[in-house]
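> Spelled out from the first residue to the last, the chains are:
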Amino acid sequence: MIEYLHLRRRLIDRISSIWIVLSVMLLLLLPLAIGLGLAIESLPIVKAFPLRALLTSSDWSPMEGKFGFYTFIISSVWVTAIAFVLSAPVCILSAIYLTQYAHARVLYIMNLIIDVMAGIPSVVYGVGGVLVVVPFIKDNLAPLFNINSSGYSVLAGGIVLAIMSIPYMLNMLIDIFKGMSLEIKEASLSLGANVWQTVKFVLIRKGSSGIVAALGLGISKSLGETIAVLMVVGNVARIPQNMFQPGYPLPALLANNYGDMMSIPVYEAALMFAALILFLIIMLFNVFTNILIYKQTKE
Amino acid sequence: MSNSAIVRIKDLNVQSGNTAILKNINVEIPRNKITVILGPSGCGKTTLLKSLNRLTDLQPHLKISGSIFIDDEDILQVTDGLTRIRQKMGLLSQKPYPLPMSIYKNIAFGLKIQGVSDKKIINDSVERYLAEVGLWDEVKDRLHSPASRLSIGQQQRLCLARGLAVHPEIILADEPTSALDPISSKKIEEKFIALRDDFTVIVVTHILRQAKRLADNVIFMYYGEIVEQGPPEQLFEHPVSPILKDYLNTGH
Numbered sequence: 001m002i003e004y005l006h007l008r009r010r011l012i013d014r015i016s017s018i019w020i021v022l023s024v025m026l027l028l029l030l031p032l033a034i035g036l037g038l039a040i041e042s043l044p045i046v047k048a049f050p051l052r053a054l055l056t057s058s059d060w061s062p063m064e065g066k067f068g069f070y071t072f073i074i075s076s077v078w079v080t081a082i083a084f085v086l087s088a089p090v091c092i093l094s095a096i097y098l099t100q101y102a103h104a105r106v107l108y109i110m111n112l113i114i115d116v117m118a119g120i121p122s123v124v125y126g127v128g129g130v131l132v133v134v135p136f137i138k139d140n141l142a143p144l145f146n147i148n149s150s151g152y153s154v155l156a157g158g159i160v161l162a163i164m165s166i167p168y169m170l171n172m173l174i175d176i177f178k179g180m181s182l183e184i185k186e187a188s189l190s191l192g193a194n195v196w197q198t199v200k201f202v203l204i205r206k207g208s209s210g211i212v213a214a215l216g217l218g219i220s221k222s223l224g225e226t227i228a229v230l231m232v233v234g235n236v237a238r239i240p241q242n243m244f245q246p247g248y249p250l251p252a253l254l255a256n257n258y259g260d261m262m263s264i265p266v267y268e269a270a271l272m273f274a275a276l277i278l279f280l281i282i283m284l285f286n287v288f289t290n291i292l293i294y295k296q297t298k299e
Numbered sequence: 001m002s003n004s005a006i007v008r009i010k011d012l013n014v015q016s017g018n019t020a021i022l023k024n025i026n027v028e029i030p031r032n033k034i035t036v037i038l039g040p041s042g043c044g045k046t047t048l049l050k051s052l053n054r055l056t057d058l059q060p061h062l063k064i065s066g067s068i069f070i071d072d073e074d075i076l077q078v079t080d081g082l083t084r085i086r087q088k089m090g091l092l093s094q095k096p097y098p099l100p101m102s103i104y105k106n107i108a109f110g111l112k113i114q115g116v117s118d119k120k121i122i123n124d125s126v127e128r129y130l131a132e133v134g135l136w137d138e139v140k141d142r143l144h145s146p147a148s149r150l151s152i153g154q155q156q157r158l159c160l161a162r163g164l165a166v167h168p169e170i171i172l173a174d175e176p177t178s179a180l181d182p183i184s185s186k187k188i189e190e191k192f193i194a195l196r197d198d199f200t201v202i203v204v205t206h207i208l209r210q211a212k213r214l215a216d217n218v219i220f221m222y223y224g225e226i227v228e229q230g231p232p233e234q235l236f237e238h239p240v241s242p243i244l245k246d247y248l249n250t251g252h
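The listed protein sequences derive, respectively, from chains A and B. Taking the numbering used here, the leading residue of the first sequence gets 1, the next gets one more, and so forth. Taking the numbering used here, the leading residue of the second sequence gets 1, the next gets one more, and so forth.
No lab work stands behind these hints, which were simulated from the structure alone. Glycine included, every Cβ here is placed at the ideal spot set by N, Cα and C. Everything hinted at is true.
Covered, in the sense of this in silico footprint (three residues per stretch, anywhere, with C-beta under 8 Å from a C-beta of chain A), are these stretches of chain B:
| id | stretch |
| --- | --- |
| 1 | 45–58 |
| 2 | 84–92 |
| 3 | 107–113 |
| 4 | 154–167 |
So that you can see chain A by itself, here it is in the shape it has in the complex (with noise of 0.2 Å):
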């Protein structure tokens, strides 16, 4: 009877050991796969194309059999530049003002509004552009630089981008500054540092390399983000000379065609090689991330 017991148990922790590392593998795998099918979706287009002129060439015309992304990766940086010079520096100094300067209930009330901010869909911040920013870049912004533009945008996308991935990039900064412990501002500050000398020599040094993760996966986030940025961004498959000109960033270029015009030979397998760009650029973003994160804790 005892034998069957520990028989028993000794089988239900097997069981459960079991599982718990396949789930860990089932996510392991799950970008693993998701690279692949891509890969493997998009053989057709690679094949039938040399990979330079694919990525270098600015052509796109798919009824004429030609794919060049060119076009819209640049697009993508330009769009996600934007938002990142827009919104960073925004978020840096947000962060520390709220966790250093302001008063604790500043902080409460701004944790609501981010909270607030983050949960409004991305079709409504489009609408917003559409209604807002498109507007302002055309009548006034534009105009400003003696440039003609109808509204629709580089800038567009990346303004409302940059609106978009505040709450997010501020929400983890907030985090780092909050979490650093009080003794080490006692330190600065009782050898007679000011409270921004010991933001700027010690806290942001203290903290860098979560502040490089929060600002690394708020890119990686505004390289993916579709919907509110088709909206406002004009969708030409031109590259953009100014920011006052439109583009197609790759998330776009997939949302706006897949489904239509499957008829055109390698079409399917072009916008799959599309979704594999933007996939390894996201990786690599994320990895060269971890790397910069990874060398920081070391020292």
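Dock chain B against chain A, hints included.
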């Protein structure tokens, strides 16, 4: 005036919400002596220590009234020049908190803040103060490696050196040996005794034996109040209050 009290506290009250953390503190701390603030955990020792260089400002829920005179200046009234007051005091906390930079820069930090940019002065200070705490020989070959790689005991001595480098008058130490091994603790204690000639040292501790080893002057606190204060012979040999008698018997 070298014999007069360097710190004079008058009617100091600190409140957090409705709880009084410090009640009617009146005390004078003599110059160039080691003053030990003794008492059980949670009796307000640390708060008293931190109010001396206004680190209590970091906890906005604390309400402070009364006055603290340091060199005859009421620091609770100061609105401008807080950094100047804080530079008069070096702080040593329960656990060492080296700044997130190299050993060298940890010492140079305070000087740079003061506006010293002369490389030679900084180099000399780094060597001098590291030597002062007996760390120079241990770290001279790796001055530019991160301070976080030092052992805890070394880190605590680094924190002391970094505090000394800004030329304070007072050393505030909040249970400075509680995270350290016996040998490192001994080094810190010996350092305090040596520092007494040039500095005023204020040590918070709940270790009775440490208090006996170090003190020239003892402040015994219990639940936010000063129960007894005076020279160690008097307090430890002839305690007056029942609380202190009890504390001396049981050790806590």
